[in-house]
Structure formats: C-alpha cells, structure tokens
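S.K.: Same order as they appear, the protein sequences are chains A and B. If you count the first sequence from 1, you need to add 69 to reach our numbering. If you count the second sequence from 1, you need to add 37 to reach our numbering.
Incorrect hints may appear among the rest.
Computed beta-carbon distance windows for the label pairs [stated by the list, open to error]:
1. His-162(A) to Phe-65(B): 41 to 51 Å
2. Glu-94(B) to Phe-291(A): 55 to 65 Å
3. Ile-74(B) to Ser-398(A): 32 to 42 Å
4. Arg-68(B) to Phe-216(A): 15 to 25 Å
5. Lys-325(A) to Lys-42(B): 31 to 41 Å
Residues on chain B that point at chain A, a partial pick, calculated with CB under 10 Å [stated by the list, open to error]:
6. Arg-77
7. Leu-105
8. Leu-106
No lab work stands behind these hints, which were simulated from the structure alone. The beta carbon of each residue, even a glycine, is placed where N, CA and C say it ideally should be.
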Amino acid sequence: MRASNLFKNLVCLALTALLGGVASYASEKSLKEAEEDFNPTDMIMHHIGDAHGWHFFGENEDAVTLPLPVILYTDAGLVTFMSSEFHHDTSGHHVVEKNGERFVNFHEKIYQLNDDAHAVELDEENHPINASKPLDFSITKNVAAMFLTVIIMLVLFLNMSRKLKKTERAPKGVHNAMEALVLFVRDEIARPQIGEKKYMKFMPFLLTVFFFIWITNLLGLFPGAANVTGNISVTVSLGLVTLVLMLVNGNKDFWKHTLWMPGIPTFVKPILAVVELLGLFIKPIALMIRLFANITAGHIIILSLLGLIFILESAGVAGVSVPFALFISVLELLVAFLQAFIFTMLSALFIGMSVAEHEHH
Amino acid sequence: MDLIKPEIGLIVWQTVVFVILVFLLAKFAWRPILGLIKDRESSINEALDSAEKARLEMKNLQASNDKLLKKAREERDAMLKEAREIKGKMIAEASTEAEQKANKILMNAQEAIVAEKHSALAQIKAQVASLSIEIAEKVVKKELDNKEDQMKLVDSMLDDVKLN
Chain A
70 MRASNLFKNL VCLALTALLG GVASYASEKS LKEAEEDFNP TDMIMHHIGD
120 AHGWHFFGEN EDAVTLPLPV ILYTDAGLVT FMSSEFHHDT SGHHVVEKNG
170 ERFVNFHEKI YQLNDDAHAV ELDEENHPIN ASKPLDFSIT KNVAAMFLTV
220 IIMLVLFLNM SRKLKKTERA PKGVHNAMEA LVLFVRDEIA RPQIGEKKYM
270 KFMPFLLTVF FFIWITNLLG LFPGAANVTG NISVTVSLGL VTLVLMLVNG
320 NKDFWKHTLW MPGIPTFVKP ILAVVELLGL FIKPIALMIR LFANITAGHI
370 IILSLLGLIF ILESAGVAGV SVPFALFISV LELLVAFLQA FIFTMLSALF
420 IGMSVAEHEH H
Chain B
38 MDLIKPEIGL IVWQTVVFVI LVFLLAKFAW RPILGLIKDR ESSINEALDS
88 AEKARLEMKN LQASNDKLLK KAREERDAML KEAREIKGKM IAEASTEAEQ
138 KANKILMNAQ EAIVAEKHSA LAQIKAQVAS LSIEIAEKVV KKELDNKEDQ
188 MKLVDSMLDD VKLN
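Hey, can you work out the whole structure from these sequences and the hints?
M.R.: Right, here's the structure in full:
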C-alpha cells in the first residue's frame, strides 16, 4: 500500500514536471470531497490572522505553541492570564474562569460569557449570542512579533551609533549596509520630498518607519512567523502616525491651500475644500491599505500554492507548487523592501506637502 | 471579514510601541548616527579639498622650481658669455700692449741706430778731414818747396783774410 502510494506520487511528480503543472491530481476523490477534509480558507486565514498564542506546529492538543499573555479590560477591571489556559482551543468550548468572569477563545477572539451562561451558544451565522467582547489588549502573536522587531532595531541601531561614535573609520559589515540604507532614506526620500531646510526634523520618523516595515516584512517571511505588516490594525496605526504628522506640521500655506484655495473662482472654493479635506484623509488610508494588501496578498499566494498540495491530496503537486512558492517568496523579499520604501516615500511626500513653502503669486 | 476589521488592542499596542521606538531611536540612534555621518562626510570632503589643494601647491612648487632652474641656467649662460668676452678682451689688450711694446723697442732700436750712424758719420768725417789735411799737408809740402811759392800763397791767404 505504502509502496504503491510512493509510486503514484513519483509518477505525479514526473508528470507535473513534464507537463508544466497541468492539473495532475490522480486522486479518486473529487475536489469538493477533498475540501471537506482540508479547508484552505481556514488554513490561510489562520496563518495570516492574529492569534493569542504563537503556534509553531502540531494539531490541537499536540500543538507546540508559545503561550502569550492575555490582557482584558472588562467591567470589573483588568484581567490577565496566559493564553495556554485555553489549551489550544479556539472553538469556544474551553471556558477560562477568572475573578468570577468566564472567557472563551472563539476563532482567536476572546469573548466574555454573560453572567448566567456556562457555554458559548451560536446563532445561524456562527456568531456567539450569549457573550460580549471585552476590550482586548492582549500580547497577541502580532504584538509579540512587533516586540521582536523593536528589539532587533534597538540592538542593531544602538550598537551602530555606539560603533560610529567609537571610531572615525569607515563602517564595516552589517552597519555599513544599514548606513547605506540610512543614507538612502536621507538622500533619496527625505531630502527631495521634504526639502533641505526641514527634512532633519522628520528623519527619525522616516528612518524608524522604513526600518520597522522592512524588518517586520522580512521577519514575516519566516515560516511560522506573524503577519504583522499585513494586519490592518498595524497599518492603520502607521497611517495614523503619518496623518498626525501631516496635520500637526501643516503650515499656514498648507491650510490655506486646503480650505480656501487661492487663485480660483470663489464658488469653486468650498467644493475644492471638501475635496482637499477628503484627500487629506484618503492619503494615509491609501498608505495603510497598500501596505496591508501587498503583504497579505503575498502571504495568501504562498499559502495557496502550498495549500494546493493538500487540496489535490498529492505530494506530486509539490513539484510545481514548491518552486512557485519559492519564486513568490523571493519576490516577497523584494516586495518587503519595496513596500517599506513606498510607505516611507509617500509619508515623506505627504509631510513635504504640509510643510512646503509656496511661492506667492 | 476579520481580515479588514481593525482591532483596537493591536492598534493601541502598535501606536504606543511605535511612538516609543521613534523617540528612543531618535535620541540614542538616529540623531547620533546622522550627526556622525554628516561629520564624516564633511571630513571626507575636507580631506579631498586639502588633497586637491596640496596637488595644486605641488604643481605651483614644481613650476617655481622649473622657473628657478631656468633662471639659474640663464645666469650660468650669461656668466659664461661674460667670461668669454672678458677672455677675448684680455687677449686683445695683451696683444695691443705687446705690439706697443714691440713698437717702442723697435723705435728705440731705430733711434739708437740713427745715433750710432750719426756718431759713426761724425767719426768718419773727422777721419776724412784729418786724412785730407794730411794729404793736403803732404800736397802743400811738396808744392811749397821754394820760397817764392810760399810767399805767393801767403799773400793770397792774406788777401782772403782782408776780404773777410
């Protein structure tokens, strides 16, 4: 039985290699039946979504997961416990009781059961009906991954600044590479977009956002890593920082051009003010959607390619999907840098618009 | 669609952590790093400038060296020329002097010859005179052997004296 399976797989591998990936599942199961065993959407969503524990491998009770702290703000105040208390349960069956309040993990969302309830009940659309969501400030997988990026950045750049202070000679190794990127941000992004006079003020933000996005993107490419920059909450936060910088640093000229554009007929001015105000908020929204969608899309493509192996139930498909996934992974290395560059570039551009000195006509 | 629903918890963590990260890195990494990079850039530029300056100075030095050398060569040539002139002049002077001296010697010699000739002539004249007197004496002695002739000569001589 085993030998025949192996033979079948080998044939499949040879076929896919020959035919260049024409549908090759020699399984007797139909696609629909296969989908019932393995749900690719759930798998993908699980991989790109946030979670309360950092899952590495294994299923259910055998899973190897790094437990992370759960921090909830309920009516009774702060409640904290480790995510391992859910015992890898995300179906809402395992109830954790703290301070007389009961919590379940339902698809990686923490619900607080109502006072009289002891098990979660669902409506027809699979939404819990006898539970509410408390404010969840847990250290989730994404927050933990973010901390990892922060630690890497602090170690890397504090070291770099220490090394630079110590010697006047040219930098070496990784510091040299980082210095090249710092110069890239300064000379290709900040200076041309913001202008010689004011760019220094925004350099700390631009450098931090550039390296944060780049390093997080790269870390996200590791198998089992968190999808931080592909999470809408993270990009919303980054976009908000840019928006705040745009609004706070907007000079008189900027607001005049936004709210009461000079040099056009008066009746157009209110219309243009509406458009400009909308544009003011659409700019960071576009930033945040671009980053989120690019990174998530890359992850979804890789996971879908690998998921094909399980959908078609044949190791032979790996002959096609693994090289494809590898190709996309390498492409993602480029995208990781590109998206960091684009986010920083556009942030600099928007800030530059806010602080620009217009020539008076 | 959980995918596009922002979670307040994550937004708060991300914002707080990111803002703290910006301030920490700004204070302890970015400002020192950017400052030091700028310092190094300016020191590199300065070094390049001074190298260029040194090159120019070197060139100037070389040019002035060449000039000095040329001047020295000219001076040497001038000196040689002068020496040659002096030599020529000295030779010329020496030769004229020698000529003059020779001329003088010659003149002296001629004068001496003329003087010797005069004295010789004078001696010859004296001798000739004495000879002629002797001859004349002899002639006269022979002619005035008789008294009559002697008287006649005396008379003629006295006549001559009277005339004087």
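S.K.: It remains to establish, for every hint, whether it holds in the given structure.
M.R.: Verification of the hints:
no.	hint	in the structure
1	His-162(A) to Phe-65(B): 41 to 51 Å	holds, 48 Å
2	Glu-94(B) to Phe-291(A): 55 to 65 Å	holds, 58 Å
3	Ile-74(B) to Ser-398(A): 32 to 42 Å	holds, 33 Å
4	Arg-68(B) to Phe-216(A): 15 to 25 Å	holds, 24 Å
5	Lys-325(A) to Lys-42(B): 31 to 41 Å	holds, 37 Å
6	Arg-77	holds, 7 Å
7	Leu-105	violated, 40 Å
8	Leu-106	violated, 42 Å
In this structure, the hints that do not hold are numbers 7, 8, in rising order.
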